[in-house]
Every structure is written in C-alpha cells, then in structure tokens.
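K.L.:
Going down the list, the sequences are from chains G and X.
To convert, take the position in the first sequence, counting from 1, and add 3; that gives my numbering.
To convert, take the position in the second sequence, counting from 1, and add 223; that gives my numbering.
Possibly wrong hints are sitting among the right ones.
To be verified - With a straight-line cut-off of 20 Å between C-alpha atoms, the simulated SDA-like cross-links for lysine to any residue are:
#	chain 1	residue 1	chain 2	residue 2
1	X	K651	G	V202
2	X	K651	G	M204
3	X	K277	G	S67
4	X	K277	G	F193
5	G	K135	X	F444
6	X	K277	G	G201
7	X	K651	G	V81
8	G	K135	X	V706
9	X	K277	G	L196
10	G	K135	X	K277
11	X	K651	G	N137
12	X	K277	X	V645
13	X	K277	G	I206
14	X	K651	G	A142
15	X	K277	G	P207
16	G	K135	X	L652
17	X	K277	G	V202
18	X	K651	G	I138
19	G	K135	X	D653
20	X	K651	G	L197
21	X	K277	G	M204
22	G	K135	X	L244
23	G	K135	X	R445
24	X	K651	G	L143
25	X	K651	G	V76
Unchecked claim - Chain G residues, not near chain X, derived (Cβ > 12 Å throughout):
#	residue
26	P32
27	R33
28	W34
29	Y35
30	A37
31	F38
32	F78
33	V111
34	L143
35	F170
As the list claims (entries may be wrong) - DEER-style ranges, computed between Cβ atoms:
#	chain 1	residue 1	chain 2	residue 2	range
36	X	Q326	G	V189	37 to 45 Å
37	X	L238	G	R126	58 to 66 Å
38	X	V702	G	F209	55 to 63 Å
39	G	W210	X	V413	37 to 45 Å
40	X	I349	G	F209	52 to 60 Å
The set of hints was computed from the structure by calculation and includes no laboratory data.
Positions of the beta carbon are idealized from the N, C-alpha and C atoms, including for glycine.
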Amino acid sequence: MDGASVSMNESERPEAGRLRIARGKARLPRWYLAFWHQPAQRRFDRPAAEKRETTGVSMPVRISNPKEFLVGVIFIIVGAGAFLLSQYYEMGSLEQMGPGYFPALVGVMLVGLGIGSVVSGLRTTDTDPIIKLNIEPLALVLAGVLGFAFLVRTAGLVLAIAALIFFACFRRLLSHPVEVVVTYAVLTVFSVLLFVYGVGMVIPIFWWQQ
Amino acid sequence: MDVIQNLRLGFEVALTAQNLLYCLLGALPGTVVGVLPGMSPVIVISMLLPLTFKISAIGGLIMLAGIYYGSHHSGSTTAIMLNMPGEPSSIVICFDGHPMAQQGRAGPALCIAALSSFFAGSVAIIFVALFSPPISSMALKFQAPEYTAIILLALVGTSALSHKSIMSTLGMAGLGLLIGTVGTDVNSGVLRFTFGDMRLADGVDFVAIAVGLFAFTEISFRLGASRPQGHINTRIRDLVPHMGDIRSSWKPIIRGTLIGGALGILPGTGPLISSFASYVMEKRLARDKSRFGRGAIEGVAGPEAADNAAALTHFIPMLTLGIPAGTIFALMLGAMLIHGIEPGPQIMSEHPDLFWGLVASMWLGNLMLLVLNLPLVGIWIKLLGIPYRFLYPMILVFSCIGVYSIRNEPFDIMIAALAGAVGYLLRKLDCAPAPLILGLILGPMLEENLRRSMLISRGDPTVFVTRPISLFILMFTVVLVIVLYQPWLRRRA
Numbered sequence: 004m005d006g007a008s009v010s011m012n013e014s015e016r017p018e019a020g021r022l023r024i025a026r027g028k029a030r031l032p033r034w035y036l037a038f039w040h041q042p043a044q045r046r047f048d049r050p051a052a053e054k055r056e057t058t059g060v061s062m063p064v065r066i067s068n069p070k071e072f073l074v075g076v077i078f079i080i081v082g083a084g085a086f087l088l089s090q091y092y093e094m095g096s097l098e099q100m101g102p103g104y105f106p107a108l109v110g111v112m113l114v115g116l117g118i119g120s121v122v123s124g125l126r127t128t129d130t131d132p133i134i135k136l137n138i139e140p141l142a143l144v145l146a147g148v149l150g151f152a153f154l155v156r157t158a159g160l161v162l163a164i165a166a167l168i169f170f171a172c173f174r175r176l177l178s179h180p181v182e183v184v185v186t187y188a189v190l191t192v193f194s195v196l197l198f199v200y201g202v203g204m205v206i207p208i209f210w211w212q213q
Numbered sequence: 224m225d226v227i228q229n230l231r232l233g234f235e236v237a238l239t240a241q242n243l244l245y246c247l248l249g250a251l252p253g254t255v256v257g258v259l260p261g262m263s264p265v266i267v268i269s270m271l272l273p274l275t276f277k278i279s280a281i282g283g284l285i286m287l288a289g290i291y292y293g294s295h296h297s298g299s300t301t302a303i304m305l306n307m308p309g310e311p312s313s314i315v316i317c318f319d320g321h322p323m324a325q326q327g328r329a330g331p332a333l334c335i336a337a338l339s340s341f342f343a344g345s346v347a348i349i350f351v352a353l354f355s356p357p358i359s360s361m362a363l364k365f366q367a368p369e370y371t372a373i374i375l376l377a378l379v380g381t382s383a384l385s386h387k388s389i390m391s392t393l394g395m396a397g398l399g400l401l402i403g404t405v406g407t408d409v410n411s412g413v414l415r416f417t418f419g420d421m422r423l424a425d426g427v428d429f430v431a432i433a434v435g436l437f438a439f440t441e442i443s444f445r446l447g448a449s450r451p452q453g454h455i456n457t458r459i460r461d462l463v464p465h466m467g468d469i470r471s472s473w474k475p476i477i478r479g480t481l482i483g484g485a486l487g488i489l490p491g492t493g494p495l496i497s498s499f500a501s502y503v504m505e506k507r508l509a510r511d512k513s514r515f516g517r518g519a520i521e522g523v524a525g526p527e528a529a530d531n532a533a534a535l536t537h538f539i540p541m542l543t544l545g546i547p548a549g550t551i552f553a554l555m556l557g558a559m560l561i562h563g564i565e566p567g568p569q570i571m572s573e574h575p576d577l578f579w580g581l582v583a584s585m586w587l588g589n590l591m592l593l594v595l596n597l598p599l600v601g602i603w604i605k606l607l608g609i610p611y612r613f614l615y616p617m618i619l620v621f622s623c624i625g626v627y628s629i630r631n632e633p634f635d636i637m638i639a640a641l642a643g644a645v646g647y648l649l650r651k652l653d654c655a656p657a658p659l660i661l662g663l664i665l666g667p668m669l670e671e672n673l674r675r676s677m678l679i680s681r682g683d684p685t686v687f688v689t690r691p692i693s694l695f696i697l698m699f700t701v702v703l704v705i706v707l708y709q710p711w712l713r714r715r716a
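Turn these sequences into a full structure, and let the hints guide you.
P.N.:
Shown next as structure tokens:
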C-alpha cells in the first residue's frame, strides 16, 4: 500500500504501462508474456488501409480516418442486418405499424448514418489514425466474468468469485499471489455478508446449497 | 400555498429513519465515487441498481439521486486538489480551482465550492418544487406526437453532448434503439430478434448493457493503458475563506445558480454547458480578466454553483415528462420502470409522496454533504491514494452479482460480457457509449409513441410539424444541435 507516500506521478513516465511489463518480467513467467506478446496489436495504418479501385486505373483510395470509416462499416452492417431481419415480421402500414416497422426504420437510418460516416472517414483526417488493440486486459476481464457466469448457479458464489478474481487479477496473481488471495478473501466475505445475508439475494454460497 | 403543503408531505416522507438512511447511503458513496479515480457515478449506479430493486421505489430513487449529486459535490475536490476533474462537468473548476490550490489557498477554494454547491442545490430544489407542477400539468395535455418529439429531443440532445462526431453518436443511439426492440412486441406479442432463445423474450436488460459498456469497458481500458494519475502537490492550510473571498463570490454564486437552474430544465444540455456558461459570464463581468485562469475565486464559485444547480434541475424534465437528461437519469428512469412507476406527468398526481419525498431528500442530502464534506476533506483526499488494483476487483464482483440478481439468470452476465467486448471496440473507435444506453431505455417508449401518433394521424407523418408544440420541440432540437456543434463550444471540452 503506497498510501503513505502519495506520489503517483506517472506522467513522468509516458509509457508507464510498457515499462511495467518490462520491470515485471523478472516475476512474470516467460510463457505468459510470450502468449500476449504475439502480434496482438493490429495496426490499421495508412498504407495498410489503402485500397485500390478495380477499374484498372490504379487510383489508391486513401482512408484518412480509419476509425470513422470502420464505425460507418459497422453501422451499415448492423443496420442492413436489422432491416433484413425485420422482413420476417409483419411490416404493417404507416398507420398501423406492425412489429417489423420500427426496427426496419431504425435499420435504414443506421445504414444512412453509416454511409455518412464512411464518406466522412474517407475525407477528413484524424490526428491518430492508428488503432491499437491491447486485448490482454479485456480478454482476462471477460474470461473472469464468463467464469463467474458459468459457476455462480452451479458451484456457488465463493467459487464464482474465485474464478472472476483468478482471471481478472491474473497478472498480479503471478507476481503478488498473497495480495490477490487476501483481496479475494475480503471481497468474498464482504459479498456473502452484504448480498446473501444483508440484502437477502437468492445466490447459493456453495455448490451444495442449490 | 400548495407548494408548502406538498413540501411538508415530502419532508414527512424523507425524514423517516429509513429514507434518511438511504439518503446517506447514496450521498456518501456518491462523494467517494466523485473522488476516486476510475469510478464514475454511471458505473456505480449501474452496479448498485439491482440492489435498489430490493428496497422501496422511493428509497431506491433517493439513494440513486444521492449518488448522483454526491459525486457532483465532490467532483470539484479532485479538480481543485489535483487538476483532475472527478466529474466531466468539473473540468471548468480546474481552470481556477487548481491554481488557487497551488497558491496554498486550497482550503478557501474547497470551502467556497462546498458553500456554493449547497446554496445552488437549495435554490435549485426550490426551482424543482415551483416549476414541476405547472410543467407537469401542461404535459398532461401532451399526446403521442409531442412525446415522440420530446423523446427525439432527449436522444439527439444528449447525443450531441458527447463531443464526438454527430454521425457516430446518432448511430450509437440507433444501435441502442435496435437493442431495445429485442423481445416481445407489446402490441402484437411477436417475439423480435430473440433467435429462438426464450431468455431474450423479456428483452435485453439495460442494467446488463450498462454494466458491460461502462464498468467492464472502463476497467479493460484502465488496465490496458496507464493514465497519468494525479500528483498531490497542494496542501490545505486553513479552510476558512477570507471576508474578501466571500464578498467577491456571492454574486457569482447567485448568477451561476440562475444560469445552471435555467439551463438544467432543458433536457439535453448537461451540467458542463451550464458551468462553462457561468465561467464565461464571470470572466466577461470581471474588471480584471487576467486573474482568470490564475486562481480567481469567482471562477470557482460561479461554475460550481451552475454545475450543481443544473444537476438538480435536470430532475424537472425527468420527473415531469419522463425524459432523462443524460445516462444517469436514463438509468434512474429504468429503475422507476422496474418498480412499476410509469415516468411522465402523471407521477406528480399519482405518486406525490415519491415526487415530493425525492425533492425533500435532495435538500437533506445537500445539507448532509455540506456538513460532511468539509470536515472530512482530508479523508477524501486520502482516498485518492487507493490503487486501482484494489478497486477494480471490487467493481467486477459487485457488478457480476448485481447483474445476476436482477432475475437470477447467468445469461444476463454473459450479455454484460458481450456488451463489454463490443463497448471496448466501439470506444477504440471513438464512439460514446451514453447514447446507446439512452436509446436502449427510450427505444420502447419512442416506438410506442411513434405508433400511436401514426394511428392518431391516420398515417400522416406531417403530424409532427402541424401540431405547434411538437413543431416547437423539433425546432428546438435542431437549434440545439446547431448550437452544440459550433466550434467555439466544442473546442474547450
């Protein structure tokens, strides 16, 4: 606990995240670092995102704002999907809208916004055209959450929280196991007391309590 | 007078031991949330929403409201001490609050901020009490076309606030509207977009989406990239402001309260605009403009008052029209729906205890904050030292338990995980998550009112522009978007 000396000035180290990895290397197992340091960072760089028109005349279309461009593509896909799926439901008329009318309407609107976003993504320039995906924390957090989801009803709260903490604090667990175990114990006792006994939620604590 | 009688009813409700406790249980965590880095009121409210389903509707609302204004009160603490806004709307407080702290006048700055918060809060609550009944009785005459227009205003207005490209924010609202259509269609009973999964028959729960989009995404982001954390280089010497400070700040406080209170009534403006407007005004009115940005107390007092006044008068559109003025209000609206309270103008006549109880409790909560915040300011600043690695496991565990407890369904947690993954990608692509939540909660209301308007007008879409009130609201929406997308406003935030 560094509460006594509250000097947390990490702005002095602009790439503190990366530095932390480097410093932690001695403690973290090599297989773990090797796993995440595969090319997980995708770059949607200008040259990579260049497209060529099919007319034969090679005219590179430069995507100057790949973020906006990609957002537009997502909107078009989702909007078109919603529009097509809505056709399975009754459309009705403008006066008597059926269940399919509103989703189809929103779908069309979304496609329109997507086209606008794509066009604007081709035109305007973004100051930071590189999209970095650091999926390690996301994957670990979601793995923990899914583990909780799978275990909470069948194995009980104590094991579900264990799975959640195991994944979500995995990096810390490798370097400071005692701290993570203590965090887990405190959180589990607290949640059981507060949610199960305090608020009276119906959650099994252990697997034999279903 | 009617208002006084109503307020007495409100205080009777708010002063019961139980509701006082809920008020404290909301205001205190709210304060902590406003101070702690990486904890926003949206995350905490979506985390604790399922808990409020277990208590009474009024108790739950009092607690959620407490978290909201509590975080607004303390958001300025970090702005002053660390130059780090605890709340988006306290950005403006950084301009002059932090220079004051660097000059060793953190105490007076904090004290004036707390006093102006309390003053603005008290006046704003009078606004709420005075203006809600007439707006509500006017709104009782609204029909489906007006409601459609107002919901559009809320959607577009709050989307425009997020300071991203308008296409992406409107698209996010569209995604939310689509997610809102999942489940059983109320008019025909048809199951839409459930893909044969009966667990989707009741629709996608907004709490799961909110937890995924805000809590999980935020945690993944923070663990991924280290942010520059604050560095306390300031000290509190004494809390008591000089007479001169009070003399130069009482006028800005009153002006800020009026600006914030007036702007807050319009759905879709947000406290940031109010506090910024107040700052600009104080700078214009000041004799010596060069002091601003270098620790002028007027630049703390005015915006802080405007921020808090707007934060509270935002309750007017929500409680009278059922229109949320932002993500937090959308979540509160969702909570009301779950308690079986249909938001809208009938709240005041059907649930007067709820409306006036909430108003009274907000004043009591503001009083509690005034009494608590100043003596405890040392503790709040200590809280800043809590490392994030102890906070995020707690957020995760509470979020998962909360989402599970909505209907004891692990499937909802998986929905939240999916929302977290999608939210991460969309945030990487610079899309704001708030419009999506708003679309999700307002979607069913929008569809219902759109259908009804078309039924009334026999399929004539011009009904929205031929009815004067709905035309006015739509025109206001357009003006709001044009104003909000002016470069001079967007540059600052």
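K.L.:
Check each numbered hint from earlier against the structure, then list the numbers of those it violates in ascending order.
P.N.:
Of the numbered hints, 1, 2, 3, 8, 10, 12, 20, 22, 32, 33, 34 and 35 do not hold.
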